[in-house]
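K.L.:
Sequence:
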Amino acid sequence: MTNLTLAVDKSHATPAYLQLKEQLTGAIEKGLLAPGQALPSERELAALLKLSRMTVRHALLELASDNLVEQRQGSGTYVLPRRLLQTVDRVLGFTDEARDLGFIPGNHLLEAELIAADQQIAGNLGVDKGDEVMCITRLRTANDEPLVIQVAFLSPRLEAFPVERLRREGSLYKVFATHYGIELQRAHQTISARLPTRQEQQLLTISRDTPILALERTTFDAHGQPIEYVRSAYRSDKYQIALDLRKL
Numbered sequence: 003m004t005n006l007t008l009a010v011d012k013s014h015a016t017p018a019y020l021q022l023k024e025q026l027t028g029a030i031e032k033g034l035l036a037p038g039q040a041l042p043s044e045r046e047l048a049a050l051l052k053l054s055r056m057t058v059r060h061a062l063l064e065l066a067s068d069n070l071v072e073q074r075q076g077s078g079t080y081v082l083p084r085r086l087l088q089t090v091d092r093v094l095g096f097t098d099e100a101r102d103l104g105f106i107p108g109n110h111l112l113e114a115e116l117i118a119a120d121q122q123i124a125g126n127l128g129v130d131k132g133d134e135v136m137c138i139t140r141l142r143t144a145n146d147e148p149l150v151i152q153v154a155f156l157s158p159r160l161e162a163f164p165v166e167r168l169r170r171e172g173s174l175y176k177v178f179a180t181h182y183g184i185e186l187q188r189a190h191q192t193i194s195a196r197l198p199t200r201q202e203q204q205l206l207t208i209s210r211d212t213p214i215l216a217l218e219r220t221t222f223d224a225h226g227q228p229i230e231y232v233r234s235a236y237r238s239d240k241y242q243i244a245l246d247l248r249k250l
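Here the sequence shown stands for residues 3 to 250, numbered as in the numbering used here.
Derived from the structure by calculation, the hints contain no laboratory data. Treat the hints with caution; some may be incorrect.
Unchecked claim - Restricting the straight-line Cα-Cα distance to at most 27 Å, the calculated cross-link-like pairs of lysine-lysine (DSS-like) are: (1) Lys52 <-> Lys12; (2) Lys32 <-> Lys240; (3) Lys32 <-> Lys52; (4) Lys32 <-> Lys12; (5) Lys240 <-> Lys176.
Claimed, not checked - Pairwise CB distance ranges (calculated): (6) Lys12 <-> Glu171: 52 to 58 Å; (7) Lys131 <-> Ala162: 21 to 27 Å; (8) Thr16 <-> Asp98: 44 to 50 Å; (9) Glu185 <-> Pro158: 33 to 39 Å; (10) Lys12 <-> Glu185: 48 to 54 Å; (11) Glu161 <-> Ser77: 54 to 60 Å.
Here a beta-carbon is modelled for each residue, glycine too, at the ideal position from N, C-alpha and C.
Based on the sequences and whatever the hints tell you, model everything.
P.N.:
See below:
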């Protein structure tokens, strides 16, 4: 709790539990409360701030609902590691997503080869089964921590793909824009959950019981032509997805 000051004004229009929640959220985001660190107990916070334990419990439940802390039965409340959050309302690549959230993105090119498209790949790229497409496999990191394995299949329209340029620059979408003059306009994405393969366990440094968020995305240019079909395997303990929904 070093350098952490908490204060609740009971005369303020904002409910006491929400004031406490906002202060603890700010402390977590600023790093004053580090991942894995235990928060003071309900009893301690209630005594410190002269609040009821029910009010403190409400604030902690809100933090848990926001995936900022984890409440462990009989042990206490602990700060969770930060997760990279993808808001599904615009087309962004991993590099921009990570930077927007204050992470340092990393890119490890594992493999780049020409393969024959199977039925699923062909259907997503709008080519014939057996057509030759570039397949690029990468391990993406955030703040040097492995987060996702991405396998991208590229449209044959992207002739002579500059693999070394991708290795240097890291962003596939940037290569599309600067090398080919292609701006991506929309994407179709599906999300599912499954257990990791042995290779995914090794590359992502996770146990076999840690679920994977499996994303499949086909991305299109301004003319509606498919440019990329990608399969991503994300660590579910480090990544979350937010959907921006509106009433029709």
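K.L.:
Against the structure, test the hints numbered earlier, and report the numbers of the ones violated in rising order.
P.N.:
8 and 9
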